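Engineer: Chain by chain, the residues run as shown.
Number of protein chains: 2
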Amino acid sequence: MMKKWVYLFEEGNASMRELLGGKGANLAEMTNLGLPIPHGFTITTQACMDYFSNGEKINAEIIDQIEKALKVLQNQQNKIFGDVANPLLVSVRSGARASMPGMMDTILNLGLNDESVKGLAQRTNNERFAYDSYRRFIQMFSDVVMGLSKSKFEDVLQSIKKSKGYVYDYELQVEDLKYVVSEYKKFYKENLKSDFPQNPKDQLFLAIEAVFKSWNNPRAIYYRKLNDIPADWGTAVNIQAMVFGNMGQTSGTGVAFTRNPATGEKQIYGEYLINAQGEDVVAGIRTPSPIIKLKEDLENVYNEFIKIADILENHYHDMQDMEFTIENGKLYFLQTRNGKRTAQAAIEIACQMVEEGLISKEEAVLRIEPKSLDQLLHPKFSNEALKNATVIAKGLPASPGAACGRVYFNAEDAKNAHKRKEKVILVRMETSPEDIEGMHIAEGTLTAHGGMTSHAAVVARGMGAACVSGCKEVEVDEENKVMHIGQYTIAEGDYICIDGSTGCVYLGQIKTIPATITGNLEKIMTWADGFRTLKIRTNADTINDAKTAVMFGAEGIGLCRSEHMFFNENRIPEIRKMILARNVEERKVALDKLLVFQKEDYKGLFEVLEGKNVTIRLIDPPLHEFLPKGDDIKELANQMHRDYEEVLAQCESLHEFNPMMGHRGCRLCVTFPEIAQMQARAIMEAAIEVIKEKGYNIVPEIMVPLVDEVKELKFVKNIIVDEINKVFKEKNIVIKYHIGTMIETPRAALLADEIATEAEFFSFGTNDLTQMTFGLSRDDASKFLGAYYENGIYENDPFAKLDQKGVGKLIANAVKLGKQTRNDIHLGICGEHGGEPSSIEFVNKLGLDYVSCSPYRVPIARLAAAQAAIKLKK
Amino acid sequence: MMKKWVYLFEEGNASMRELLGGKGANLAEMTNLGLPIPHGFTITTQACMDYFSNGEKINAEIIDQIEKALKVLQNQQNKIFGDVANPLLVSVRSGARASMPGMMDTILNLGLNDESVKGLAQRTNNERFAYDSYRRFIQMFSDVVMGLSKSKFEDVLQSIKKSKGYVYDYELQVEDLKYVVSEYKKFYKENLKSDFPQNPKDQLFLAIEAVFKSWNNPRAIYYRKLNDIPADWGTAVNIQAMVFGNMGQTSGTGVAFTRNPATGEKQIYGEYLINAQGEDVVAGIRTPSPIIKLKEDLENVYNEFIKIADILENHYHDMQDMEFTIENGKLYFLQTRNGKRTAQAAIEIACQMVEEGLISKEEAVLRIEPKSLDQLLHPKFSNEALKNATVIAKGLPASPGAACGRVYFNAEDAKNAHKRKEKVILVRMETSPEDIEGMHIAEGTLTAHGGMTSHAAVVARGMGAACVSGCKEVEVDEENKVMHIGQYTIAEGDYICIDGSTGCVYLGQIKTIPATITGNLEKIMTWADGFRTLKIRTNADTINDAKTAVMFGAEGIGLCRSEHMFFNENRIPEIRKMILARNVEERKVALDKLLVFQKEDYKGLFEVLEGKNVTIRLIDPPLHEFLPKGDDIKELANQMHRDYEEVLAQCESLHEFNPMMGHRGCRLCVTFPEIAQMQARAIMEAAIEVIKEKGYNIVPEIMVPLVDEVKELKFVKNIIVDEINKVFKEKNIVIKYHIGTMIETPRAALLADEIATEAEFFSFGTNDLTQMTFGLSRDDASKFLGAYYENGIYENDPFAKLDQKGVGKLIANAVKLGKQTRNDIHLGICGEHGGEPSSIEFVNKLGLDYVSCSPYRVPIARLAAAQAAIKLKK
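As given, the protein sequences belong to chains Y and U, one line each in that order. Position 268 of the first sequence, counting from 1, maps to 268 under the numbering used here, and the rest follow consecutively. Position 612 of the second sequence, counting from 1, maps to 612 under the numbering used here, and the rest follow consecutively.
Hints in this document: simulated from the structure, not taken from any laboratory. Model, not experiment: these values are computed from the prediction. Keep in mind that a hint or two might mislead.
Partial pick of chain Y residues on the chain U-facing surface, computed with a CB cut under 7 Å [stated by the list, open to error]:
no., residue
1, N658
2, T745
3, T773
4, A787
5, K809
Cβ coordinates follow ideal geometry from the N, Cα and C atoms, glycine included.
Using the sequences provided together with the hints, build the complete structure.
Structural biologist: Laid out in structure tokens, this is it:
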């Protein structure tokens, strides 16, 4: 049997999104709901993957099926593709399984040529419309299919508008448009050494190939990486009969959401333009009207629109993002999908829908993208500070969030500043898909043009980044890298702040305060806590971090990096003296001073945690990381009353070729047992004192890092236990404690059965485990990983998202072996991955007891753990 | 039932060496053969391990069994331990499962005290003998058991000898010895704040504990590491009734071998001293007489000795190393063991014994320690060069080998010079166990004192290092670090050469020539080749290396590190230009020049290998390794007509934090596909030309390094295959080739099933695999691995001997997965471990097809592979 590569809209439904892409599946679903959808058909995602595996050729079977579907479409529309008198025009649009707004390519008005444009003019009795469609088609086709820069076409358009004194495109007259068409074709021929293709079939297949290829364009690859979309999904292609929003004052086009995607408010929210085609709205060239104004312009159309929007939301049980076109007073829907929304909106909508009985609590919890909580948890401007701040402009509140940074006027400069560790606000006339990386690294984006559904607004909401769009007071001079707002001139590198919730733009920097968990967010988190089985701990080294994490719901500390406490100004000299000690005695003198500091630190943590588990990792980094450089060595030598040359030589002798794999972790305790003794003593003395003072039930957990071998762990453990017993004797008290290890070398994972004989708990240190499993240095990988993404070798940064296939195999093995030896071994993960949703789902499946992540990721982890538990139950 | 911790010699036999140690088991065997062995008993190795696990205490059960055995011994000897009138004296000697000459401790004459020394004098009617024994006992006990430095005791002895004008110890008179005893006791009390212990039971148990503890002294640990002896074997303790070689002119003591341990010649070979105790011979203070002279001194004793030596060799089917003592004309054997021998002797003896029908060919192959072949394969002095060399002294040919280096006069200085990459000759008056590390790193050892069985001679033969001992012309001034030989004064750092086969010492440096495989070595290697199933390849990057390896029997090249060819003076500028290219065009220009060089290199290799397999690895190291430093950057910038600052910045930008895990291996080909293209082209053009010119059947194997992921391999493979197809088209010829990969990251090993879909062969890169599995940088580990050996955490350097437990588990997994996917996948190993016998045995068991090692290790690998096959068959 022949494989089916092409589906008429009538043949599909919403459940077929893998095959038809999101857009195709929903067009089919809407068609079958009897809604006003222009006829069309979908070429499957499998056809796209076949195209790539077939050396970028569309196979004959697919071509045949496309031609057959085209014939059906001709009959349905009663028009003929390529006909001069009665031409069928189509749109060719991409549609992947997951929505990737603006990432791939679309061509409208396909089928026009020098002859059929005349036929179209005659038949519609609207010559202006016909030539407007043709000039749009030539520009889009040249850009999307042939790769000619859009800006040259824009230049032609601008220069005629300027010479005639027009402001808007719709002011262009028929003769103007004919001139534009002829200029466009001339430009096309000059650059491509051939005439603009006149055969509609050629146009069609070139366009289909262009859509296929757009699956692998750099911005699509980048978007996929950002959103964990696999490269082998492919995109479908939708061929649909054109309806025209550019036929005059009773025509138009728009986009709308069934609820407010920024706040979640239950209210139709959208924009439209009269006498325009789709891309005019999204591109943000003209600022569109709010949807409510449609009631004044075309009341019947408005009422029908509201009715259908309700049908769609009730049908999909989720907030819808819709595209529509009005052709001579008749409404058509061109797309519906579950709308992207801010985290705040997602939470509001989920809670509303539970109340409305539309969805269950489990479903509500599943509806929130855990990563998106990030937006809600970042600091806000303090009300106090806002009182003294200067509002210099106000735009549209396109995506909420408080952002402060230095201004940069293009994505490239923004990225470079980000590399220099600057905080960046990206300022653009309007954004385009090329700006996506710049927006991603920026604290926030400000645009002069574009509405609430402009590219900048949609993408920023998707990223959860602050955005103020359509800020008309802003005059951007991108070339000279400066902007003017009234009396103010703001140059590249100057500080501004933007508030995406209010649309306000401020001069200079403004103080922020931490976020809190309240209202509907608290409600969702409480539901989530009821579903999850994983415990959530935090990685915290300071009292402040610990307080924040506890406030965000951390149930303990999974990783306290004891050495981070040493970097404080008072302490660093003592750790340096300890490292540079010439013998055990000198080292002990320095350690005695550090003991006082360490004990104080641990007491603080135990007090904040009030008896919740605290896992303290013994000193881990290579010692040279603590040492001074350059002139500071001289100063240190003076302080120590020692010879500079000698101290310098000692510092230099600590240099390592590959410090990541050098003298660090428990290797430090094997060579300098005094360090482990000091740390064990500080931990236990602190715990005993807090128990006595506060009465908390504290069971300290001491974690030995970078273990390779059970004998190594045993050696260090013996040192610790001996010291602890001394403390117990001195203080005349015995308390419970646990000793465990990080599993962060492949060898430890491979031999976890042996290691479990000495370890009461394992904490998977997935950062180092990833480095060693791949043989990939986190600090060096950025130089070449880009080429890996571009070539489709890796799709994700393995340091952000756990490599389940490789590293995960080691972890699964270690879990199995560890439990073999010690049935009740306590298992957790404390690498960066501990706060990453897909990694949390993976370790939940493996049966780990907890994840530990940075304080601001605790709520994310709570939600992700709940989703993991719900999915596992299903 | 009570565990048996103590065995009378009558209760044991030679097969019980695990329990009784080598010495104890052989004493038992000899006792049961009816040979003249003083009575005694053995405390088992298990008692030693019990002592350590029991917090360094001898448990009551063991004490009880020792006391019972002691009673039996009293009855057998008709003497009473601790009796004043008729004292039983004993020796207390260590004896591990494997022979560890001089590494652990021995105490003789135990049981003497201020009273029993008088009884001994009366009973033997030999007061001189009694006090000589007592002073020896005090010195040994104080040194071995109490840790007092031997040298202070020697000073006392030397000063009285000097004051009386004596040269030898045996000239000391009774009164002198009494004075020495009182001085020794005084010194003991001053230092240890207690009297020398008078109770023989106390003496005995302190001595037993000292022997137990000696198992973990630093030199024993070092020796174990050198000889792969596990730490948990422990040592047995042998308590034996004393017989005395120091009773006068019909008494004596000696050591002998049944064949010559340096050359293998079939002839009794040994030395003895009249009126002396055991340690006098080994310590090399007096130069002893050759064994043949015993025939003149004591003919009956000599004849009996020869008879028993024959019995022992025939009984053990191996060359024996024996210790004996003559007490008043009666011969006793105190030890026999399979004698240590040089590689040359081992080969001679094995071949002789096959001819004599004593052993099979398999047994002969098993008898040769593969590592020992190293000695035979190192260069020899060229006969030509020797003609012009100056012989400045001649000593005993104690251990064969030609060695050339700078003179150092103590182990410490020698080790430091070695660290500075100097070649070292260690020159000592006589060596002691403290010198073992110095001897190990030295090219050879020269001693002024000591015979063919002195410490230096025995240890050097064990190590396979050149040694000339007992070179009387040499006057060593260790304090001033200079030696005088006749007219010559040779200071620290001056060059000399020694020839351990002739005993000659030469001034200055002498040219060497490569060794060859001939005679009995060739015979053994031919037998070995008949038994082994593993193929042996070599790691060779140059034509010279390849020639040497083929001469040594290499069956192919398993690893050609293509980048090593770039370090040549002509080529390095081109690779630098390639690296510093600012764009693909500049890079291609440089690569085109490199192509010419690479092709030439590969042609050379293909010609030498004559159709044997050649595996070429694509460029592997981080690019900055090729770049110049300091002023050389300026020069390079000039050569390239480029701005210095710019070139400098480019060089600096290539710096990496952890280059081992950075931008290297196939990652270079992912970012710079032009490099892979150039190399693939060079390989194939070279192969095609050599096929055309010489008619060899060449099937090049191209190896992609540092693969983590099958898509990565596929990406690089596609580049290579495309380029190869271009070459085929241009040359109008198609030849066979294979593409495979190194398995050197844990991830590759874990996902070997996927990787095998694209790889036709795997070569395990165990150097990197070990680094990553342990998270241990080979270049940095030496700073702390010492502490790991001392604390018994690791026993071996995992970079020298494959970590079978951890890394081996990954390899075994990869072998299984690889074969699952591709049944006929070709498997090899090309890390340092490819030439290490225990690692070869391991990979033979796993079913690998070949090992690849450095050229000089090829014969070692051939032999080790044969032994592995023979053992596996058993």
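Engineer: Are the hints correct? Go through all of them and say.
Structural biologist: Outcome of the hint check:
This hint holds: N658(Y) has a C-beta 4 Å from the nearest C-beta of chain U, less than the 7 Å allowed. For T745(Y), the suggested interface contact is upheld, since its CB lies about 4 Å from the closest CB of chain U, less than 7 Å. With a least beta-carbon distance of about 5 Å to chain U, the hint placing T773(Y) at the interface is held under the 7 Å criterion. For A787(Y), the interface hint holds, the least distance from its beta-carbon to any beta-carbon of chain U being 5 Å, beneath 7 Å.
For K809(Y), the suggested interface contact is upheld, since its CB lies about 5 Å from the closest CB of chain U, less than 7 Å.
No hint from the list above goes unmet by this structure.
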